[in-house]
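Residue numbers (the working numbering), protein chains in the order written: chain A, 275 to 657; chain B, 275 to 657; chain C, 275 to 657; chain D, 275 to 657.
Read the hints as simulated data drawn from the structure, not as lab findings. The C-beta atom is built at its ideal place from N, Cα and C for all residues, glycine as well. Incorrect hints may appear among the rest.
What the hints assert, rightly or not - Derived SDA-like pairs (lysine to any residue); straight-line CA-CA distance at most 20 Å:
no.	chain 1	residue 1	chain 2	residue 2
1	B	293	C	599
2	C	318	D	624
3	A	487	B	392
4	B	318	A	398
5	B	373	A	398
6	A	393	B	651
7	C	487	D	533
8	A	652	B	312
Unchecked claim - Residues of chain C clear of chain D, computed beta-carbon distances all greater than 10 Å:
no.	residue
9	297
10	362
11	410
12	491
Claimed, not checked - On the chain B side, residues computed to face chain A include the following (Cβ under 10 Å):
no.	residue
13	316
14	371
15	493
16	497
17	548
18	568
19	629
There are 4 protein chains.
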Amino acid sequence: MPEKIHKLNGTSLIHGDVKFAGSEVAPSISVSTSTVKSLLARLKDLDLRNPDRHVYSRYTQQVSTRAEHILSRINDGFAVTYSSGLSASYAALVFFRPKRIAIRGGYHGCHATIDVYRKSQGIHLEVVDLDSEYRAGDLCWLETPLNPTGESRYVHKAGGMLLVDSTFGPPPLQYPFRFGADCILHSGTKYFGGHSDLLAGVLVVKTLEEWNKLHYDRTFLGSMMGSLESWLLLRSLRTLHLRVPRQSASATILAQWLNSVAKTPVGKTYDGIPGGVVEKVWHSSLQGVDERGFDPSKQMQGGWNATFAILLSKPEYALEFPHILNYFVPATSLGGVESLVEHRIQSDPSSDPRLIRLSIGVEEVEDLKADLQQAFEKLASVC
Amino acid sequence: MPEKIHKLNGTSLIHGDVKFAGSEVAPSISVSTSTVKSLLARLKDLDLRNPDRHVYSRYTQQVSTRAEHILSRINDGFAVTYSSGLSASYAALVFFRPKRIAIRGGYHGCHATIDVYRKSQGIHLEVVDLDSEYRAGDLCWLETPLNPTGESRYVHKAGGMLLVDSTFGPPPLQYPFRFGADCILHSGTKYFGGHSDLLAGVLVVKTLEEWNKLHYDRTFLGSMMGSLESWLLLRSLRTLHLRVPRQSASATILAQWLNSVAKTPVGKTYDGIPGGVVEKVWHSSLQGVDERGFDPSKQMQGGWNATFAILLSKPEYALEFPHILNYFVPATSLGGVESLVEHRIQSDPSSDPRLIRLSIGVEEVEDLKADLQQAFEKLASVC
Amino acid sequence: MPEKIHKLNGTSLIHGDVKFAGSEVAPSISVSTSTVKSLLARLKDLDLRNPDRHVYSRYTQQVSTRAEHILSRINDGFAVTYSSGLSASYAALVFFRPKRIAIRGGYHGCHATIDVYRKSQGIHLEVVDLDSEYRAGDLCWLETPLNPTGESRYVHKAGGMLLVDSTFGPPPLQYPFRFGADCILHSGTKYFGGHSDLLAGVLVVKTLEEWNKLHYDRTFLGSMMGSLESWLLLRSLRTLHLRVPRQSASATILAQWLNSVAKTPVGKTYDGIPGGVVEKVWHSSLQGVDERGFDPSKQMQGGWNATFAILLSKPEYALEFPHILNYFVPATSLGGVESLVEHRIQSDPSSDPRLIRLSIGVEEVEDLKADLQQAFEKLASVC
Amino acid sequence: MPEKIHKLNGTSLIHGDVKFAGSEVAPSISVSTSTVKSLLARLKDLDLRNPDRHVYSRYTQQVSTRAEHILSRINDGFAVTYSSGLSASYAALVFFRPKRIAIRGGYHGCHATIDVYRKSQGIHLEVVDLDSEYRAGDLCWLETPLNPTGESRYVHKAGGMLLVDSTFGPPPLQYPFRFGADCILHSGTKYFGGHSDLLAGVLVVKTLEEWNKLHYDRTFLGSMMGSLESWLLLRSLRTLHLRVPRQSASATILAQWLNSVAKTPVGKTYDGIPGGVVEKVWHSSLQGVDERGFDPSKQMQGGWNATFAILLSKPEYALEFPHILNYFVPATSLGGVESLVEHRIQSDPSSDPRLIRLSIGVEEVEDLKADLQQAFEKLASVC
């Protein structure tokens with residue numbers, strides 16, 4: 275476990291939006307699309323980042339502005355919110371207008387968004403692997419945890435830019451600007467929202483100039499968050515520092531334990547689970563230093579990932595597994611208070627049919643462990 | 275007033291979503307991003323237009339599916355919803371991938387969206403006037419009320435396509451597919467939403483194939499409506515047939531009356547209002563047959579526009595006017611139950627400083643008229 | 275059909291809350307339980323009916339205050355809102371502290387509320403019929419449409435009070451203060467809410483003193499509306515003048531037509547429906563002047579009821595009927611935009627098993643009629 | 275600090291409502307007042323505590339049923355929810371129908387509710403002090419932390435009942451049934467809601483019979499929670515085990531520190547704060563064993579209170595203090611994620627003008643301490 279040197283500040287989460295707070299202790303859910311204009315108010319005079327009034331909710335509205343200020347603070351940059359992680363991804367493409375994109379595997383939805391962008395472009399936009407030799411105009415698109423420092427060095431040297439999709443590593447787990455990122459992407463749907471009840475996307479950039487450019491684009495891409503989403507996102511941020519470290523700690527305990535299960539040879543048992551059911555565990559805590567010298571503990575200074583994957587030994591195991599658990603909901607997504615389990619092939623047809631993804635929630639870790647244990651025992655006895 | 279041969283069917287508005295209704299009389303507000311998966315459910319097996327289950331709310335969710343079915347029905351096509359009118363506009367550009375766009379004036383936001391699209395394209399996308407000679411690959415972008423039948427003939431002959439932004443002419447006022455449109459665009463924020471409390475956009479196409487294409491793009495553009503927006507839009511549609519004809523009828527009475535005011539010479543009065551205060555009124559009911567033979571009453575078979583513009587004689591009049599009215603809220607936007615008044619230059623700097631836009635709500639028309647009357651009298655006496 | 279001399283003013287519905295409107299065109303959904311206090315603010319200095327600030331949402335909150343002002347205006351009195359029609363009923367009992375209650379039949383829920391009140395009283399509270407000789411301290415509890423003028427005269431003469439439950443006769447259908455009521459009760463769940471998606475109750479009294487007393491009691495009964503309910507109620511009131519007259523007009527057409535069906539002898543048909551299926555129709559338009567001289571058209575000056583009951587000839591008919599209709603939802607409640615049908619015995623076991631209640635929505639009346647017609651034909655052919 | 279032997283189980287908070295969960299990972303916001311009836315459904319056949327369908331939202335609705343099940347589980351009893359803490363209090367009075375109430379000080383709102391109840395009773399209901407000799411029919415009404423074990427013994431021996439208002443001591447801080455309570459009352463607005471954005475009340479009883487009685491009464495008192503309140507309450511419960519222990523731990527640190535400040539004599543300073551500014555601190559951790567042998571650490575086994583009061587030395591100090599803090603919002607209420615400070619006399623005129631109440635949120639305790647410190651220093655230097 276890496277030293278927790280980068281604590282997520284709870285005071286910022288609660289009071290980071292104070293200058294927009296008005297007289298209500300909890301904000302109202304802003305829904306008005308339009309506001310009353312005073313005599314000489316001009317849209318062009320509006321400070322869109324620190325609005326003292328709102329004109330039209332496609333530009334700004336009370337609650338999303340507040341959420342953006344807190345997101346800016348906890349990500350050490352300037353945050354813009356979007357209707358979804360993919361509309362944030364699309365906005366990043368419009369913003370960077372890359373000549374090539376260097377990306378590897380990762381979230382399949384994001385590849386489809388790149389395709390839609392390419393199609394609308396009408397011109398050829400090359401997608402290359404991360405190992406490629408970078409060129410000017412490249413956008414390197416990294417999903418956490420992958421070596422940002424290394425890629426940052428290479429791509430910047432070549433005149434390209436680095437975007438880090440940090441969805442799996444929200445604050446306080448990691449802070450990508452410290453490792454060379456030019457832009458941080460989050461599916462706010464996941465840990466920021468944290469209750470599986472809102473879609474949102476976030477881009478964080480380093481300067482106000484970049485923020486203004488992103489905000490202008492978003493206004494005319496028309497992809498701002500919904501009003502309830504904005505409000506629930508803000509409400510969720512109030513407990514981010516309580517949820518994420520808890521989820522990270524539980525996930526680390528479970529991943530370590532599952533790794534012991536995976537290392538148990540056939541014929542032996544570990545905590546009652548026969549060896550040979552679990553084949554492999556991927557978790558940042560198990561990753562170690564790679565051949566290029568990347569040490570994930572340098573990157574994930576605030577805790578290891580709370581979502582991880584395991585490989586079972588048989589497709590039949592993976593098919594049944596999600597449906598015999600009591601405290602893991604068989605569903606796609608991640609980051610919520612409730613633990614989720616997914617047979618990955620159900621949403622990503624290119625996955626290994628034995629692959630299972632676990633998103634760890636805020637339940638008692640002992641209960642989660644016992645639940646996994648009974649399920650593995652059942653699998654082993656039935657199949 | 276055109277004959278009301280195209281009535282908006284209230285039964286469709288109330289029961290057009292019945293097959294998705296479940297056991298609740300009023301739908302719940304769906305917020306879950308993800309749903310529990312059964313053993314063999316595969317995303318690719320899902321009928322995204324008629325989903326019997328939902329997988330992830332970026333694809334489909336209960337309430338937006340219902341709203342789309344009603345919008346499909348009342349627009350005689352296949353409707354997709356978006357986070358805003360401009361994200362619908364952007365999706366139309368991605369869908370048509372036009373070589374050129376023929377457009378004139380109209381809504382300034384839409385021009386900015388075209389600019390963002392051009393920028394992301396990286397290549398030259400020509401924007402031309404409606405009078406241009408059409409070519410193959412052109413997208414003719416018409417804002418109602420403008421001659422759709424004529425443009426349709428020209429652009430289709432040349433191998434182009436016709437999109438009609440029908441925001442100012444929702445059902446039952448007009449049905450653009452009857453006049454040659456290939457795609458109908460609505461800012462659902464306006465009459466469909468109707469209460470100034472939600473942002474939404476709508477595209478309607480003619481075939482399921484086109485719907486599937488639009489839906490695929492939207493999924494990866496990530497620009498679906500918010501959850502409260504979806505629900506409020508559906509709730510609003512239940513009264514669309516009560517609101518729009520009322521607003522249209524009141525607007526027509528007011529426009530006709532204002533036209534009489536405008537025609538009153540200086541030195542005379544009309545209903546107590548001195549001539550020379552109001553200079554001109556633009557309203558479809560006053561438009562008449564143009565030189566190319568376009569007769570707006572052929573197009574707007576279900577009633578005249580409920581939003582229209584007037585030109586006052588002095589910029590000072592236009593500056594003060596919105597702030598001395600009692601029953602018109604000085605704000606941008608249109609289509610809501612409350613009447614709005616806007617000094618257009620406040621949101622569109624290119625406007626004539628004497629231009630006023632009025633969006634007529636569902637108040638008593640006598641009250642609105644009396645309010646305009648007192649305001650004009652006040653302007654005339656003070657200025 | 276009575277002359278419509280009492281129009282419901284749409285301008286009041288849209289702008290009657292203007293003094294609380296702030297800068298938003300549509301109000302935000304107020305959820306804050308508490309607000310920031312200034313230095314010397316004292317709760318006792320607050321004008322609870324016209325609050326310029328809010329202290330704690332059990333007292334007042336932005337949106338419910340606005341809804342109460344519009345409800346006050348359209349009911350010509352001083353309105354307090356409650357969490358449900360029955361909590362409003364209970365508050366009326368606490369307010370009047372009657373020695374006896376004179377009531378007949380009507381809504382069974384209200385009788386249960388009186389029972390709970392009696393139980394908590396610990397003392398005997400007599401419930402008598404409306405025909406009883408009134409005494410001082412009596413509360414006469416009338417459900418519309420029943421003769422308010424007559425009862426008012428009798429009960430006031432004896433020193434009692436008259437409460438009219440006007441749920442079935444919202445503005446503009448009738449205005450009970452004009453017929454002697456001391457207090458008007460509404461289940462706001464029904465026509466005021468109008469979309470089957472909120473519970474609310476309303477009491478209207480004639481003086482500010484009475485309002486203050488009711489408001490004090492409500493604060494400590496703790497039975498204010500929920501925050502979404504308040505907001506939806508306010509949103510619904512914006513279209514009350516469009517919904518209720520439409521529902522009333524459709525219901526009157528249907529009731530008159532059903533009455534013709536009911537009068538058709540066995541062996542004959544009416545519009546294809548065999549005589550003998552429908553036995554009786556109760557609707558205010560059919561009621562006529564009673565033996566005590568009560569003429570419902572004097573009371574219901576703004577239109578007849580939009581909810582009414584019919585008696586079929588066989589219990590089996592009544593059992594099946596709700597489930598073979600396409601445009602009537604088989605559910606309890608009334609007043610919503612969607613038509614409802616209920617086999618009354620399902621929620622009120624004391625009902626005649628042949629009794630059906632119809633609540634007419636805002637669909638096309640021709641569609642509703644055709645739907646009833648096909649259902650009656652089906653019943654007649656199958657049973 | 276008492277040993278944490280009674281942990282609040284996070285797994286119950288996340289999955290305690292699983293049997294009502296359906297296919298959504300996060301529940302929809304249920305708003306429908308009424309549901310479609312099947313052919314033979316009868317209201318009387320409905321299991322109101324474990325409904326497999328809903329009839330009318332005044333009885334049950336999806337989300338409040340789920341919240342009640344979790345509240346039942348974490349309180350080791352049978353929970354009913356109400357529109358507010360005071361409507362729950364009122365329901366308790368209707369339930370117990372006490373002959374006398376023994377109560378002392380505590381929450382002033384509750385005394386007003388007892389007054390309204392007495393008024394509606396029309397008969398004399400005596401209110402006596404806790405020191406009184408108990409009689410049969412007495413209801414002893416205790417606010418935490420006060421000696422429940424002692425009172426329980428006395429009142430039960432006399433034939434009375436014990437209600438504990440545990441609002442200031444939510445799970446896991448204390449479990450009143452373990453100390454003899456017959457009924458537990460919570461203002462769900464406070465720690466259960468936890469975000470200052472909902473009003474709710476909770477009663478917990480020990481048997482299903484009592485639950486049925488309470489539920490019947492609530493149905494006809496009409497005081498169920500609003501729909502958004504229900505949903506937000508359920509959402510809040512998912513993080514109760516993260517919020518309350520954090521708030522309790524921070525409050526204990528601050529109370530202990532403030533006590534050191536209070537004990538600092540005039541002329542000396544403590545952490546830079548001059549003695550004589552703070553006069554007294556009331557916190558359960560400082561209470562010690564009283565003369566009757568009551569040891570609060572026996573009662574509060576899961577942590578000390580997160581809300582407490584301090585007495586400043588001058589009224590002017592108390593007047594200014596709330597307005598010079600940065601991380602405490604000057605507002606009434608308690609239990610939210612944000613720290614609150616209140617000059618008590620503002621909402622309770624009978625309070626000592628030097629009394630301040632602090633509700634500790636989930637901010638960083640070091641920030642809260644530094645904030646209090648700077649404010650005390652400022653007070654001391656200015657006044």
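A quick look at each hint next to the structure:
no. : hint            : result
1   : B:293 <-> C:599 : holds (14 Å)
2   : C:318 <-> D:624 : holds (12 Å)
3   : A:487 <-> B:392 : holds (15 Å)
4   : B:318 <-> A:398 : violated (28 Å)
5   : B:373 <-> A:398 : holds (16 Å)
6   : A:393 <-> B:651 : violated (57 Å)
7   : C:487 <-> D:533 : violated (44 Å)
8   : A:652 <-> B:312 : holds (19 Å)
9   : 297             : holds (22 Å)
10  : 362             : violated (7 Å)
11  : 410             : holds (15 Å)
12  : 491             : violated (6 Å)
13  : 316             : holds (6 Å)
14  : 371             : holds (6 Å)
15  : 493             : holds (8 Å)
16  : 497             : holds (5 Å)
17  : 548             : violated (23 Å)
18  : 568             : violated (30 Å)
19  : 629             : violated (15 Å)
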